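There are 2 protein chains.
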Amino acid sequence: MAVTQIAVMGFGVVGSGTVELFYQNKDVIEKRCGRELDIKYILDLRDFPGSPFQDKFTKNFDDILNDPEIKVVAEVMGGKTFAYDYTKRLLSKGVSVVTSNKELVATHGAELLKIAKANNCNYLFEASVGGGIPIIRPLHQCLAANRFSRIAGILNGTTNYILTKMIYDQRSFDQALAQAQQLGYAEKDPSADVDGHDATRKLCILGSLAFGKHIYPEYVHCSGIREITLDDVEYAESAGYAIKLIGLIENTETGIVATVCPRLVSVNNPLSSVNDVYNAIMVTGDAVGDCLFYGRGAGKFPTASAVVGDIIDAAKHEGRDIISLNWEESEGRDFIRPYKTAEVSIYARIRTENQDADSLKSEITNLFGYVDFIPRKQRSQHELAFITPTMVESEIDERLKKLTEDCKLMKKIRLL
Amino acid sequence: MAVTQIAVMGFGVVGSGTVELFYQNKDVIEKRCGRELDIKYILDLRDFPGSPFQDKFTKNFDDILNDPEIKVVAEVMGGKTFAYDYTKRLLSKGVSVVTSNKELVATHGAELLKIAKANNCNYLFEASVGGGIPIIRPLHQCLAANRFSRIAGILNGTTNYILTKMIYDQRSFDQALAQAQQLGYAEKDPSADVDGHDATRKLCILGSLAFGKHIYPEYVHCSGIREITLDDVEYAESAGYAIKLIGLIENTETGIVATVCPRLVSVNNPLSSVNDVYNAIMVTGDAVGDCLFYGRGAGKFPTASAVVGDIIDAAKHEGRDIISLNWEESEGRDFIRPYKTAEVSIYARIRTENQDADSLKSEITNLFGYVDFIPRKQRSQHELAFITPTMVESEIDERLKKLTEDCKLMKKIRLL
Chain A
1 MAVTQIAVMG FGVVGSGTVE LFYQNKDVIE KRCGRELDIK YILDLRDFPG SPFQDKFTKN
61 FDDILNDPEI KVVAEVMGGK TFAYDYTKRL LSKGVSVVTS NKELVATHGA ELLKIAKANN
121 CNYLFEASVG GGIPIIRPLH QCLAANRFSR IAGILNGTTN YILTKMIYDQ RSFDQALAQA
181 QQLGYAEKDP SADVDGHDAT RKLCILGSLA FGKHIYPEYV HCSGIREITL DDVEYAESAG
241 YAIKLIGLIE NTETGIVATV CPRLVSVNNP LSSVNDVYNA IMVTGDAVGD CLFYGRGAGK
301 FPTASAVVGD IIDAAKHEGR DIISLNWEES EGRDFIRPYK TAEVSIYARI RTENQDADSL
361 KSEITNLFGY VDFIPRKQRS QHELAFITPT MVESEIDERL KKLTEDCKLM KKIRLL
Chain B
1 MAVTQIAVMG FGVVGSGTVE LFYQNKDVIE KRCGRELDIK YILDLRDFPG SPFQDKFTKN
61 FDDILNDPEI KVVAEVMGGK TFAYDYTKRL LSKGVSVVTS NKELVATHGA ELLKIAKANN
121 CNYLFEASVG GGIPIIRPLH QCLAANRFSR IAGILNGTTN YILTKMIYDQ RSFDQALAQA
181 QQLGYAEKDP SADVDGHDAT RKLCILGSLA FGKHIYPEYV HCSGIREITL DDVEYAESAG
241 YAIKLIGLIE NTETGIVATV CPRLVSVNNP LSSVNDVYNA IMVTGDAVGD CLFYGRGAGK
301 FPTASAVVGD IIDAAKHEGR DIISLNWEES EGRDFIRPYK TAEVSIYARI RTENQDADSL
361 KSEITNLFGY VDFIPRKQRS QHELAFITPT MVESEIDERL KKLTEDCKLM KKIRLL
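Chains as they are written, first to last, in the numbering used here: chain A, 1 to 416; chain B, 1 to 416.
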């Protein structure tokens with residue numbers, strides 16, 4: 001049988017991991033694929049003198065596009081400009097593309113899936129969410145008999161590392177971020193991680209697959225973890241919660257709501273004990289109930305594991321599209337309901353200027369009918385934290401506004 | 001496009017769940033499958049007067065076998081005799097079979113996969129392990145780029161429920177078993193569950209997929225949870241462990257070792273907090289690291305979720321075998337190494353007749369070089385529990401035998 005030839009576009013962390021893993025495990029990979037495979041090209045504009053893959057490097061995309069031997073291409077360049085153009089041109093020629101590029105999938109997934117389908121090839125992106133954790137294929141194949149009601153996930157390892165350090169080592173956000181940067185878990189400009197944009201892209205991909213219509217990042221409410229303080233972490237702990245950055249998409253009675261924000265997660269929820277750089281995704285379906293997927297959400301070889309897994313699948317299914325068919329383009333806003341219309345329970349921390357905060361307890365209780373006041377050791381007389389009952393979020397906001405003038409709302413965090 | 005016709009063999013818990021789920025979610029199922037599907041036959045020897053599926057029942061297997069419209073059959077009868085015969089005859093005709101029958105897959109998987117491959121159809125069994133938890137497909141597709149070093153799982157919900165009641169509610173084994181029987185979690189004859197046979201079959205399926213050769217149940221060391229006492233549970237807890245029934249298959253330097261037995265699981269291991277009837281499987285691969293899959297391991301609709309997921313996949317891939325190709329028959333014993341040659345750490349509880357057990361501490365320490373003695377409140381003077389260092393198990397046994405005559409080994413439990 002002819003050898004199936006592969007190209008890898010981008011030789012950064014994931015790209016080099018993909019090539020190294022491929023040759024390291026070539027024997028088991030070919031056995032499981034049922035055919036011989038080889039990497040013919042590696043596309044990168046940089047030079048890699050001394051690399052053992054010297055003979056494979058090219059700086060010219062056309063070498064790949066115009067080589068009829070190439071059946072599968074791994075796009076691990078990242079970014080949107082070139083990756084988008086190259087992916088479209090490859091799929092249009094019937095060449096399957098597998099990718100770890102969450103930005104591209106979250107932005108143009110529906111369009112690229114359509115092109116793949118029209119050309120009997122596959123666009124696969126297991127590596128785009130949760131690194132090596134199998135989640136895309138389980139969601140659209142194994143769980144395909146379910147109507148999904150909810151996906152809740154810890155989708156970003158950097159922020160989870162920072163929050164873990166805050167919870168267990170009492171580091172401030174700034175200290176924990178600095179530590180994450182030292183260890184290479186966070187970038188110099190950490191915004192994509194700590195402000196929630198990375199998690200938002202991943203949530204869009206999961207939500208689009210689960211609900212069958214493209215969910216665009218701009219319609220997802222997104223807030224990061226910069227404002228979380230050790231005070232909040234400690235209050236949450238005394239009430240039996242851990243603070244986690246949660247990507248949440250829910251099919252409520254009146255529509256779909258999608259948010260990425262810090263949330264108080266009960267210690268009884270398995271997501272609360274997912275620590276360090278680990279990711280975990282909880283999927284709820286009407287037949288299966290709750291299913292959790294847990295593992296390393298990033299890193300060279302975990303991500304390469306997913307990329308090579310997709311390469312194997314694409315090679316096996318050459319000439320036939322296998323991806324699920326029901327992720328359609330959507331008109332955005334119509335499909336996603338404003339998040340403040342969803343029911344939620346809120347953790348609030350307030351501060352008073354003059355009076356003892358405890359003197360507000362009956363006022364607050366009256367506002368909400370019932371609240372859980374959180375006890376905390378060495379609490380300032382001027383501070384009070386509580387958890388509201390579950391109600392529509394905009395209604396909670398209205399009631400919080402009615403607090404006396406002397407009382408300032410310092411923090412508001414949603415519960416999961 | 002013609003409707004793909006399906007038959008369901010067996011209308012027990014899983015069979016009725018499969019049919020009900022199929023009609024309940026037919027719209028999303030067909031959308032995700034990309035084609036129309038229908039159930040034409042339900043095979044069962046019993047009558048189901050008043051069932052809404054009246055027109056589909058048949059007592060004659062030949063109706064299914066000889067109907068050229070039938071492309072996919074769900075075998076959810078259980079047992080080995082008829083299920084084995086029917087499955088072979090269907091696959092031989094090129095009809096794909098999906099199943100929840102772990103006994104059949106664990107016993108005849110290699111042979112049935114070979115027949116499917118020879119006839120361009122599929123034999124799928126996502127439902128045979130972990131109920132609705134996606135684990136089979138993730139293992140052989142998503143993680144196909146990995147060399148696996150280890151799979152450790154809580155594979156049986158009944159025993160996990162019993163152990164959870166023992167740990168959290170201080171019930172004895174007998175009390176917890178009675179409660180599980182009352183709730184319908186355990187059968188009247190609970191042997192298949194509590195003695196570890198059910199978990200063993202599931203471990204064989206996972207191990208065969210991961211290591212590419214059939215692992216037969218008779219070569220797996222299997223012991224159940226009947227001997228676990230509240231004393232052991234309490235000692236384990238004070239040392240930072242929970243006792244769980246663990247199916248474990250490891251690729252050690254000198255070969256593969258497979259066991260199903262109670263083990264002490266560190267509270268730092270996510271498996272330790274998997275409670276009640278939930279299952280969880282931790283897969284370790286060289287690229288991906290540790291991945292955990294968690295959910296309901298049994299039950300009507302969770303299991304039906306996996307069966308219908310496989311039906312969708314089989315229908316999508318009609319006429320092409322998609323299952324991984326590398327699960328071959330094996331000669332059994334050659335492939336699996338005797339478990340006592342593996343390195344392990346052991347929890348031991350001893351009892352003395354006459355002397356104070358503490359007086360044996362230096363003798364025990366000398367035997368092993370170093371041991372962790374477990375403190376426990378209200379411990380009898382005549383009892384002592386400790387954890388050995390990691391060494392070859394047969395060597396640990398030898399050393400334990402050397403304990404003075406006055407000292408009786410009451411319990412020995414492996415650590416994970």
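Do not rely on the hints blindly, as some may be mistaken.
Since the list gives no way to pick out one identical chain from another, each pair is judged satisfied if it fits inside one copy or across any two copies.
What the hints assert, rightly or not - Below 30 Å or equal to it, Euclidean Cα-Cα: the simulated DSSO-like pairs (lysine-lysine) are:
hint, residue 1, residue 2
1, Lys-213, Lys-31
2, Lys-114, Lys-188
3, Lys-340, Lys-93
4, Lys-213, Lys-26
5, Lys-117, Lys-31
6, Lys-411, Lys-56
7, Lys-188, Lys-165
8, Lys-361, Lys-188
9, Lys-188, Lys-340
10, Lys-59, Lys-88
11, Lys-26, Lys-117
12, Lys-377, Lys-93
13, Lys-80, Lys-411
14, Lys-377, Lys-114
15, Lys-31, Lys-93
None of these hints come from the bench; they were simulated from the model.
Bear in mind that the values here come from a model prediction, so they are computed numbers and not experimental data.
Evaluation of the provided hints:
1. Lys-213 - Lys-31: Close across copies (12 Å), not inside one copy (36 Å); limit 30 Å.
2. Lys-114 - Lys-188: neither (37 Å within a copy, 53 Å between copies)
3. Lys-340 - Lys-93: Intra 44 Å, inter 56 Å, cutoff 30 Å: neither.
4. Lys-213 - Lys-26: between (37 Å within a copy, 18 Å between copies)
5. Lys-117 - Lys-31: Both, since 27 Å and 15 Å are each at most 30 Å.
6. Lys-411 - Lys-56: neither (54 Å within a copy, 60 Å between copies)
7. Lys-188 - Lys-165: within (18 Å within a copy, 49 Å between copies)
8. Lys-361 - Lys-188: Answer is neither; intra-copy 44 Å and inter-copy 54 Å both fail.
9. Lys-188 - Lys-340: So Lys-188 and Lys-340 fail the 30 Å test inside a copy (33 Å) and across (51 Å) alike.
10. Lys-59 - Lys-88: Classified as within; 19 Å inside a copy, 53 Å across copies.
11. Lys-26 - Lys-117: Cα proximity of Lys-26 and Lys-117: in one copy and across copies (29 Å, 23 Å).
12. Lys-377 - Lys-93: neither (65 Å within a copy, 72 Å between copies)
13. Lys-80 - Lys-411: Neither: 36 Å inside a copy, 61 Å across copies.
14. Lys-377 - Lys-114: neither (57 Å within a copy, 66 Å between copies)
15. Lys-31 - Lys-93: both (28 Å within a copy, 26 Å between copies)
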